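Protein chains: 2
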Amino acid sequence: MKGSLAIVGLGPGLLDYMTPCAMKAIAKAEYVLGHSTYLKPLIPLLEGKQVISSTMGKEVDRARQAIDLARTHHVAIVSGGDAGVYGMASIVLEVLEHDGADIPVEIVPGITAANAAASRLGSPLSGDFAVISLSDLLTPLEVIEARLDAVFTLGIPVVLYNPKSRGRPHNLALAVSLARKHLKPETPVGIVRNALREDEATRVTTLGEIETIMDKIDMHTAVIIGGAESRIWRRGDDVKGIITPRGYHKKYVY
Amino acid sequence: MKGSLAIVGLGPGLLDYMTPCAMKAIAKAEYVLGHSTYLKPLIPLLEGKQVISSTMGKEVDRARQAIDLARTHHVAIVSGGDAGVYGMASIVLEVLEHDGADIPVEIVPGITAANAAASRLGSPLSGDFAVISLSDLLTPLEVIEARLDAVFTLGIPVVLYNPKSRGRPHNLALAVSLARKHLKPETPVGIVRNALREDEATRVTTLGEIETIMDKIDMHTAVIIGGAESRIWRRGDDVKGIITPRGYHKKYVY
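Chains as they are written, first to last, in my numbering: chain U, 1 to 254; chain V, 255 to 508.
Errors might be hidden in some of the hints.
[Said to hold, decoys possible] List time: in silico BS3-like cross-link candidates among lysine-lysine, alpha-carbon distance up to 30 angstroms: (1) V:Lys494 - U:Lys2; (2) V:Lys278 - U:Lys24; (3) V:Lys282 - V:Lys294; (4) U:Lys24 - V:Lys494; (5) V:Lys278 - U:Lys40; (6) V:Lys303 - U:Lys24; (7) U:Lys28 - U:Lys49.
Hints are computed from structural coordinates only; laboratory data are not their basis.
These numbers come from a predicted model, not from an experiment.
Bound-form chain U, shown alone (with noise of 0.2 angstroms):
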């Protein structure tokens, strides 16, 4: 019997954000691997399914069951957000390509955190923006370093993932100690917490600000830091979120 393979995006969490695509492909499987805070969402949709759940620090194991199982069975690996953005998409391609086997592979997009933070704050992506992640476990600490000093050269706005952990609490300062060689201390900042999940928290400050604030941030939110553009969105007294501008401004009158 022929097996397959999703590689699913289940976007930020609750089933409203998730595609049709992916919740096919959840149907469709017969196993249903991930992280168990990922799944947990899932679970009106897991009825009849085997589903395996697994913690962090074991993607390779699970990447390595996912492909096994998919040999003859019809198998969807999820990852929140999206699985080719700090997700499994990776991870599973290398080992199927290490393994060899032709197993049919299916990545579903998913809606990936810094959409859903920014959909939270107004518009504060707008145009050219950066994904840039703040763990250190993968990726060397001097990389990150040197991607952040330039990046922020660019003056677009800088979507930080994964800023804050138990194991690396000061990697955000430093982030914030590169923004600031370049960027205004008037530069918007905006930070969600759980974005669209019921537990959600919104906040949007400056960079010259960021110290009041740091300590509501941890590996659940994403810190999105204005460009060079940016500035704050009000309506009256309240601030409502934070604006890019498209350039329109530039050529219509409003």
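Following the hints, complete the assembly by docking chain V onto the known chain U.
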């Protein structure tokens, strides 16, 4: 009567890749505004609604009209991909801010072209990446040029949006020459035209050989230039796509 405004990202085009949240926002709307291209796949959802279709270059007018209607009606203004990445979110919020009206606004995220295209190429992004548009309609070409020159020094994958159009055939050649300053000729390049739509076309080549497919690149194409770690994904002699490793191979044996 109180209105509302939903700024909706539709994803790559087919309803299968649109979120339930996006569908609900459209279902709620009495008026749906958007570019004719992106409204077309929505036709099954638009029965009984007032649909206002416009073309490129009319974004400020469309934003203004959406806001006017949203004072007293439920309105959805739609963008292909994600509304916060080269979509309508920024201009709508800018016009709304200028207008001062107190209209409830919801931004519904969608899958942007970078992630839709990447899913068709395997895992070309994997981690850190940047999105840069080659359209100089609203951004001066000198700014784009400086950004490209800097972004290719990061060694991370870069997704080029709006790589070519009738009015701007040369910006892509410029981007390629800047990439070549910093990246090896073997650097994989993937192009995806109409990602996840019925007439999708995908190709994989290298930075050194990209001229062989330049004529296949148009305004509906996303161009993904790999980073320093990216390589071509093969199964036997078949080129399947592009893998940018996460870094597990430095720590684990597969």
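So, going through the hints one by one against the coordinates:
With a CA separation close to 19 angstroms, the supplied pair V:Lys494 and U:Lys2 stays within the 30 angstroms bound. With a CA separation close to 19 angstroms, the supplied pair V:Lys278 and U:Lys24 stays within the 30 angstroms bound. Only pairs whose Cα atoms come within 30 angstroms are accepted, and V:Lys282 paired with V:Lys294 is accepted, the gap being roughly 18 angstroms. Restraint check for U:Lys24 and V:Lys494: satisfied, since their Cα atoms lie roughly 23 angstroms apart, inside the 30 angstroms limit.
A threshold of 30 angstroms between alpha carbons decides the hint, and for V:Lys278 with U:Lys40 the separation of about 23 angstroms falls inside it, so the pair holds. Between V:Lys303 and U:Lys24 the CA atoms are separated by roughly 29 angstroms; this keeps the pair inside 30 angstroms, and the hint holds. In summary, the hint linking U:Lys28 to U:Lys49 is supported, as the alpha carbons are separated by about 10 angstroms, within the 30 angstroms threshold.
In summary, the structure agrees with every hint in the numbered list given earlier.
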